[in-house]
Amino acid sequence: MATHDTVINKQSLSATDNGLSLALTVPWYRSLWVSSVSTVTVAIDGKEVPQDKLRFRINGKSFKMEDVPKQWEELWFMQDRAHLDMDLGAAGEVGADHEVTFHTELRLPYMQIKPGFYLPNIVHQVVHLKVQAKS
Amino acid sequence: MIPGHLQGVTLYSFTRLFHDRKQTLESLIREVAERKLGPGLEIIGFSSFRGFPNLSPDYVKEIRTLIDQTGLIPTSLAANADFGIRRDRNLTPQEAVDYMAAQIKAAKDLGFPLVRVQISLTPDDMEALLPIAEKLDVKLGLEVHAHHSPMDPKMVAHRERYEKLDSGYLGFVPDFGATTSAVSPSLKEKYRRLGIREDFIELLDATWQRHHLAGPPMTDQDQAARFGEFIGLAHQNGYPDLGVELAVNLTGLHGHANPDDWASMLHLVWHTHAKFFGIVNGDEPATDLAHLMKVFCENNYTGSMSSEYEGWHWNWWDDPFEMVEGHQAAIRKHCADNGRAVRTEI
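Chains as they are written, first to last, in the numbering used here: chain L, 11 to 145; chain Z, 996 to 1341.
Just so you know, the hints here were simulated from the structure itself, not pulled from any lab data. Quick caveat, the model's predicted, so the values are computed rather than measured. Where hints are given, some of them may not hold.
Said to hold, decoys possible - In silico DMTMM-like links for lysine to aspartate or glutamate, alpha-carbon gap of 25 Å or less:
{"#": "1", "chain 1": "L", "residue 1": "Lys-74", "chain 2": "L", "residue 2": "Glu-109"}
{"#": "2", "chain 1": "L", "residue 1": "Lys-124", "chain 2": "Z", "residue 2": "Glu-1224"}
{"#": "3", "chain 1": "L", "residue 1": "Lys-20", "chain 2": "Z", "residue 2": "Glu-1224"}
{"#": "4", "chain 1": "Z", "residue 1": "Lys-1056", "chain 2": "L", "residue 2": "Glu-84"}
Given these sequences and hints, build the entire structure.
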């Protein structure tokens, strides 16, 4: 796996009071503005988590998914982790195993291929993760 | 022997280690110095510095002290022209200038004499940035990166403007990926390790060779056609998920210009990206270092040169530090063959 196709690893899934959280590595070779994130979808054990039950947390701030592409002054530093917080209606169970299907599409803000169209980076990962303690 | 260029490296070569959090900025800088891969040190601002380009005075001092301690010499800070950060529109020309100016200021604060900029800047943008560069005494080098080439009409337009302005602050950063001579063996090795069919790998190679005979694309349409051709081949051969990656690697990293073409712009070059993908038997099979160093030595190039290991994108089995060591040794040898001693000390 290289920098452009890796967002989550074996330690990425952790429990929260109302669900689970995924720690995300920026899938590129440099830091990017959060507005570079076009879409994020996640399914746990095959069941997609609705967008209104997701929050994108970074730099001590938490954003609704619909507001993520508007964050062009918030930098996702290459060595930091963003967190995708999932409200599943119940606390996550530490030690449980889940199949996580993660999909994201980025828009690289310096690679304009033609007017108004920027090179995308699409990452799709399906992994089995064990829930870690609250981070 | 006559003194030649200043040896150096860009931390971009070690991106995989940094991205995986196996190394910090400090540990990378120290290891570069200990392994004597400098003295030139190049850093990508948006990769390495948290909060870039808005850096606190304390952080700037910390970085400068670290670099001073190691004896390394800052050569180039790579900036990015992120004109698409807003979703509703591109940055306006003034916003774009301000966006770049902040990075040039950060370079000055950190002690870098040159900022690498990218082709999305027009000659007018560069002219608008010139007063900032002059005021801060920081040179700007527009990277000539595949799929572009020194003779690309866009690059020629930049060169003509820089020559007309004759400022001493606007120039180019040649990237050896624009003048490759073959598809990197390590890239083909990656696809073999992934189990890709050999006949498809050979087809990709043959397609690249056909493009190579035709020369670099001279228009955006030519480039788009080649990009699309690789995506099409991936779909037709049962590897649709590889399409964009193949197109980027084979049109955006492996360029088709002749190394002789660099001579047209070397009078405007103070820093160079010696892009490479791997070392086999003491030399680089995809960038013809014998040819490249002949051109640079014959044109009396004495600026800085970063070994830029790009093979890390796909090569998970080799050590990037050993790759850079091998690359620099090969460059020193080829320069010596031309009567030049690469400068490895201040």
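Results for each hint:
1. L:Lys-74 x L:Glu-109: Measuring from Cα to Cα gives roughly 24 Å; hence the hint holds.
2. L:Lys-124 x Z:Glu-1224: 17 Å, holds
3. L:Lys-20 x Z:Glu-1224: Cα-Cα ~37 Å, so violated.
4. Z:Lys-1056 x L:Glu-84: 24 Å, holds
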